[in-house]
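*Asks:* Each chain, written out:
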Amino acid sequence: DELRAYAREVVEKEIGKHAADGLGRADYALASGGAFVMDHSDPFLVGNWFGTSRRRVHSKAVKMLTPSFGEPGQCFPLKGSDGFVQVRLRAPVVPEAVTLEHVSKAVAYDRTSAPKDCRVSGWLEDKDMESETRLLLTEFSYDLDRSNAQTFDIAESAHSGLVNTVRLDFTSNHGSDSHTCIYRFRVHGRELDSVSAVHA
Amino acid sequence: DELRAYAREVVEKEIGKHAADGLGRADYALASGGAFVMDHSDPFLVGNWFGTSRRRVHSKAVKMLTPSFGEPGQCFPLKGSDGFVQVRLRAPVVPEAVTLEHVSKAVAYDRTSAPKDCRVSGWLEDKDMESETRLLLTEFSYDLDRSNAQTFDIAESAHSGLVNTVRLDFTSNHGSDSHTCIYRFRVHGRELDSVSAVHA
Amino acid sequence: DELRAYAREVVEKEIGKHAADGLGRADYALASGGAFVMDHSDPFLVGNWFGTSRRRVHSKAVKMLTPSFGEPGQCFPLKGSDGFVQVRLRAPVVPEAVTLEHVSKAVAYDRTSAPKDCRVSGWLEDKDMESETRLLLTEFSYDLDRSNAQTFDIAESAHSGLVNTVRLDFTSNHGSDSHTCIYRFRVHGRELDSVSAVHA
Ligand SMILES: [K+]
Ligand SMILES: [K+]
Ligand SMILES: [K+]
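Sequences listed follow chains A, B and C, in order. If you use the numbering used here, the first sequence corresponds to residues 1 to 200, in order. If you use the numbering used here, the second sequence corresponds to residues 1 to 200, in order. If you use the numbering used here, the third sequence corresponds to residues 1 to 200, in order.
Since the hints were derived computationally from the structure, they do not count as laboratory data. The beta carbon of each residue, even a glycine, is placed where N, CA and C say it ideally should be. Check each hint, because a few of them may be wrong.
[As the list claims (entries may be wrong)] If you want the footprint, here are the derived chain C segments under chain A, 3+ residues with CB under 8 Å: (1) 7–14; (2) 24–30.
[Said to hold, decoys possible] Below, computed lysine-lysine pairings styled on DSSO-like, alpha-carbon distance capped at 30 Å: (3) A:K116 - C:K79; (4) C:K105 - A:K13; (5) A:K13 - B:K105; (6) A:K17 - C:K17; (7) B:K105 - A:K17; (8) A:K127 - B:K79; (9) A:K105 - C:K79; (10) C:K79 - A:K17; (11) C:K79 - B:K13; (12) B:K127 - A:K17; (13) A:K17 - C:K105; (14) B:K79 - B:K105; (15) A:K17 - B:K17; (16) A:K13 - B:K127; (17) C:K17 - A:K13; (18) C:K127 - B:K17; (19) C:K13 - B:K17; (20) A:K17 - C:K13; (21) A:K13 - B:K79; (22) C:K13 - B:K127.
Let the hints inform the model, and build the full structure from the sequences given.
*Replies:* Right, dumping it as C-alpha cells:
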C-alpha cells in the first residue's frame, strides 16, 4: 500500500512537471509571457523580416522562445556552426539558470544541427543606456546523450544583479556545416519585489 | 510483479488522461469542437474586434476555449476584478460539470489575476427566442492551492434540461486590481440522443 | 527501494515517450519536418484550396500531418465513408510502419467518423517519372477499442525499397454517412545513408 501510494505520487508529480512546460519552472524568455528576440546571427532561411532600420529580426525567430511540443522542425535555424541570439526578457530578473532544448532523439531525423559549446551573458539595458557591462552567466556544452531540455545553473558569483537582456552565443554544433537549430532557449530567475527592485 | 504491473497501470492511465486534454472528459465549450465566445465584459487588451452591431467579441477571446498547454500568457484578460464571459456550446447538453483552469503555479509569473468567486448559469437560446429562463448551475471559488484545472460538479437538482449557452460570472479575483485572466473554461455534460432531444 | 526505482523508471520512460510526439518514433509524414499532402479525395468542408491546375489541396489538409494534442476537431474531414490521402514524405525512406490516429474516446463527442478498413501503398516518384510501380505496404482496420494512435508494421516482404510517396485509402468508416475524419497519419521508416541511397 505504501508502495502504491509512492507510485501514484511519483506519477502525479512527474506528469505535473511535464504539463507545466516540461520543467515546472518559470521561463522569463517565453514569448507568450512577453519576451522577444531582439537580434540574432544570420538565419538559414529565406523569409520575412521585421523591425526597425537598426535591428531586424526574422519572423520565425520567435520559435526559439515558444514550446516545441516534441515536434521536429519547431526551431529557428541559424547559418553555420556558430552564431548568437539575443533576447529581451519579460521583466528584469536575477538569473539563476538557463535551459537549452533540442528535439528529442526519439523523433529526430538528424541531430547534427544541435548547438554544442555555448556561452550565456546578460545585462540590464534601458532606453537611455543602450548597453551596460555584460556579465558572463554560464558556459556549457549541450550533450546529445542527455535529456533534450538541459538546464544549466548560473553560479552564485554571477548572481550579481538584475538583467533584462540575455545573449546565447554558440561556438560549435554537433556536426552540421550548413546550420544550427535552436529549438528553445529559456531563462530562469527571480524577480525582485517592486520596492527592492527600485533600490537594486 | 503485482506491484510492477500496478505501477505500469497507474502510469498508463495518468498519461492517457493527461494526453486526453488533461482531464479525459469531453468539453462542449471547446473552440475546435465548434463552440465560440458570444459576449464578454471589457477586455484588458487593445485589439481587434469582430462581430455584428449587436454583439462584438475580441479576436483573442477564443483563447478561453482552447488548450493552454502549460504556457503562461495563453489566456484572455478581462478588465478589473469582476466580469463575465458567455459561451455558445457546440451542441445542447444537460450540463454536469464545469472546469476553470488557470496557469500552473510552477510556471506562473504572478497569479493575482486568477479569478476567485464564480457563478455559472446556463440556458437554451435559439434564433427566435433570444433568451429563456437562466438556470444557476453552480457557484464556486477557484483555489490557488489546488491543481490548476479545477472541476466543479453541477448539482443534480440543476440537471433540469438542455442548455446551449453558458455564462461564467466572476465577482472577485486573487488580488490584481487591473485585470483577471481566464485561461480556459470548459463545460462537461451529456447530449441527449436525437429522438429524446426533440421531445426534451 | 528496487520497486521505487522501477516505478520512477517506468514513469520517466512513459513520459519521455509521451513528450516525444506520443510514440517516440520519427515520422516522415510530419508537416513540420517537410512532408506535405499532395492529393486527397473530396473534403467535407467548404474552403480555400491551393495548388496548381493539375493538383489542388485544401488549405486545412495539413492537419492530417500535424499533432492533434488530444483536441477534438484537429482533423481533416473527407466526404463520405471512403476516400484517400496521398502524402509526399520529407525524404525517401524504406517504410517500416504507419500510424493512424483518431481522437481519444475520453474526449470525443462522436467517433462514427473514424476510418475503419484501410490500405496503404507507397512508391518513389520524381520529377521525370510521375509514377512508378505502387507497392502495397499494409492493410489494417482501425479499432475504436484500442488506444487512439494505432501503429501497423509493414511486413518485411514489403521492405523492398525506398518510397517518397505514401497513399492511405480507406474503404469504410465507423458509421458516419456524411464524412470521415483523419486526425493524423504518420509514416515510420529508415533513411539509407547518402552513399547507399545513390545506389539503391
Ligand atoms: K520551439
Ligand atoms: K487557453
Ligand atoms: K491533427
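*Asks:* For every hint, state whether the structure bears it out.
*Replies:* Okay, the hints, checked on the actual structure:
1. 7–14: Result for this restraint: holds, n = 4.
2. 24–30: n = 6 at 8 Å, threshold three: holds.
3. A:K116 - C:K79: Since the Cα atoms of K116 (chain A) and K79 (chain C) sit roughly 49 Å apart, the hinted pair is violated (cutoff 30 Å).
4. C:K105 - A:K13: Between K105 (chain C) and K13 (chain A) the Cα gap is close to 25 Å, so the pair holds against 30 Å.
5. A:K13 - B:K105: Holds. K13 (chain A) to K105 (chain B) sits at ~13 Å (cutoff 30 Å).
6. A:K17 - C:K17: holds (15 Å)
7. B:K105 - A:K17: Holds: K105 (chain B) and K17 (chain A) sit about 11 Å apart, inside 30 Å.
8. A:K127 - B:K79: Satisfied, since the Cα-Cα distance of roughly 29 Å is no more than 30 Å.
9. A:K105 - C:K79: violated (38 Å)
10. C:K79 - A:K17: violated (41 Å)
11. C:K79 - B:K13: violated (34 Å)
12. B:K127 - A:K17: Since the Cα atoms of K127 (chain B) and K17 (chain A) sit roughly 45 Å apart, the hinted pair is violated (cutoff 30 Å).
13. A:K17 - C:K105: OK: K17 (chain A) and K105 (chain C) at ~25 Å, within 30 Å.
14. B:K79 - B:K105: Judged against 30 Å, a Cα distance of about 22 Å means the pair holds.
15. A:K17 - B:K17: holds (15 Å)
16. A:K13 - B:K127: violated (47 Å)
17. C:K17 - A:K13: holds (17 Å)
18. C:K127 - B:K17: Not satisfied, since the Cα-Cα distance of roughly 45 Å exceeds 30 Å.
19. C:K13 - B:K17: holds (17 Å)
20. A:K17 - C:K13: Roughly 14 Å separates the two Cα atoms, so the pair holds.
21. A:K13 - B:K79: Cα-Cα ~34 Å, so violated.
22. C:K13 - B:K127: violated (52 Å)
Consistency with the previously given hints fails for numbers 3, 9, 10, 11, 12, 16, 18, 21 and 22, ordered from lowest to highest.
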